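Please build the complex by placing chain B on the supplied structure of chain A, with the hints as guidance.
Below are the chains, spelled out letter by letter.
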Amino acid sequence: EPEVTQTPSHQVTQMGQEVILRCVPISNHLYFYWYRQILGQKVEFLVSFYNNEISEKSEIFDDQFSVERPDGSNFTLKIRSTKLEDSAMYFCASSVTHNSPLHFGNGTRLTVT
Amino acid sequence: ELKVEQNPLFLSMQEGKNYTIYCNYSTTSDRLYWYRQDPGKSLESLFVLLSNGAVKQEGRLMASLDTKARLSTLHITAAVHDLSATYFCAVNNNAGNMLTFGGGTRLMVKP
Chain A
1 EPEVTQTPSH QVTQMGQEVI LRCVPISNHL YFYWYRQILG QKVEFLVSFY
51 NNEISEKSEI FDDQFSVERP DGSNFTLKIR STKLEDSAMY FCASSVTHNS
101 PLHFGNGTRL TVT
Chain B
1001 ELKVEQNPLF LSMQEGKNYT IYCNYSTTSD RLYWYRQDPG KSLESLFVLL
1051 SNGAVKQEGR LMASLDTKAR LSTLHITAAV HDLSATYFCA VNNNAGNMLT
1101 FGGGTRLMVK P
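Here the protein sequences line up with chains A and B, keeping their order.
Residue numbers for the first sequence, in our numbering: 1 to 113.
Residue numbers for the second sequence, in our numbering: 1001 to 1111.
For reference, chain A alone in the conformation it holds in the complex (with noise of 0.2 angstroms):
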């Protein structure tokens, strides 16, 4: 079955770097979505993307966060400066259309010291 990859699985990085999380959706998939999930904590909605742009995002997505489909496979999250807050598990879903169930990858725990 079909499946969305996200890459790495875990990644470590220091307070103000700036990280890429990469995600490759479901091939014949055209929404994709990123959430988070702080330890503990319920699923949180980030972005979702159609189209080459975004179609809606949270409060949560502010101008740290920003998106891109750089080619015709991967679908890319990237935190331009990491706070401790940022730490938490990253999924990657993506769905065939806009109200179609959504299917996730296994998630980047991302790590700020």
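Read the hints as simulated data drawn from the structure, not as lab findings.
Among the clues, some could well be false.
What the hints assert, rightly or not - A few chain B residues that face chain A, going by a derived Cβ cut-off under 7 angstroms, partial list only: (1) Ser1042; (2) Leu1043; (3) Leu1083; (4) Thr1086; (5) Gly1096; (6) Met1098; (7) Phe1101.
Claimed, not checked - In silico DSSO-like pairs for lysine-lysine, Cα to Cα no more than 27 angstroms straight-line: (8) A/Lys42 <-> A/Lys83; (9) B/Lys1068 <-> B/Lys1056; (10) A/Lys57 <-> B/Lys1003; (11) B/Lys1056 <-> A/Lys57; (12) A/Lys83 <-> B/Lys1041; (13) A/Lys57 <-> B/Lys1041; (14) B/Lys1110 <-> A/Lys57; (15) A/Lys57 <-> A/Lys42.
Note that the coordinates shown come from a computational prediction; the quantities given were computed from them, not determined experimentally.
Cβ atoms here follow ideal geometry from the backbone N, Cα and C, with glycine treated the same way.
Below, chain B without anything else, positioned relative to chain A:
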């Protein structure tokens, strides 16, 4: 603002017992999802419920939706250890896939 509340947050039960997890949400929505998450793992889709009165069953899990009460339930029948995980409900805010998740119910099934 859409709020999604689950209860209980933690549930410890014996194998063979039945129990129900509840998910309440605050505003009208056209879809409700149930996900399972094992520790350190991703979110596995269990059910999507689309209409009032919808009921779906998979093995020992059964989910239902009452859109008038804005309530979904996840019923566990004759629990087994393999069902130990955290279960999340999630509701979409709008016509898209901007989901608001509940706080999760951590289920531990003891032999």
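Does B/Phe1101 pass the interface check with chain A, least Cβ-Cβ distance below 7 angstroms? For B/Phe1101, the interface hint holds, since the closest Cβ of chain A sits about 4 angstroms away, which is under 7 angstroms.
Pair hint B/Lys1068 and B/Lys1056, alpha-carbon separation not exceeding 27 angstroms: 18 angstroms, holds
Evaluation of the interface hint that places B/Leu1043 against chain A, nearest CB under 7 angstroms: 4 angstroms, holds
Please verify that hint: B/Gly1096, Cβ, nearest Cβ of chain A, below 7 angstroms or not. Constraint on B/Gly1096 satisfied, holds at 5 angstroms.
B/Thr1086 was flagged as interface toward chain A. Is the shortest Cβ-Cβ separation under 7 angstroms? 10 angstroms, violated
Using 7 angstroms as the Cβ threshold, decide whether B/Ser1042 counts as touching chain A. 5 angstroms, holds
Under 7 angstroms, Cβ to Cβ, is where B/Met1098 needs to be relative to chain A, so tell me if that hint holds or is violated. For B/Met1098, the interface hint holds, since the closest Cβ of chain A sits about 5 angstroms away, which is under 7 angstroms.
Between A/Lys57 and A/Lys42, is the straight-line Cα distance small enough, at 27 angstroms or below? 17 angstroms, holds
Interface restraint verdict for B/Leu1083 against chain A (beta-carbon cut-off 7 angstroms): 20 angstroms, violated
Straight-line Cα separation of B/Lys1110 and A/Lys57 no greater than 27 angstroms? 41 angstroms, violated
Does the structure keep A/Lys83 and B/Lys1041 at a Cα separation of 27 angstroms or less? 24 angstroms, holds
Straight-line alpha-carbon gap B/Lys1056 to A/Lys57, limit 27 angstroms: Roughly 31 angstroms between the alpha carbons, so the hint for B/Lys1056 and A/Lys57 is violated.
Of the numbered hints given earlier, the model fails hints 3, 4, 11 and 14; all others are met.
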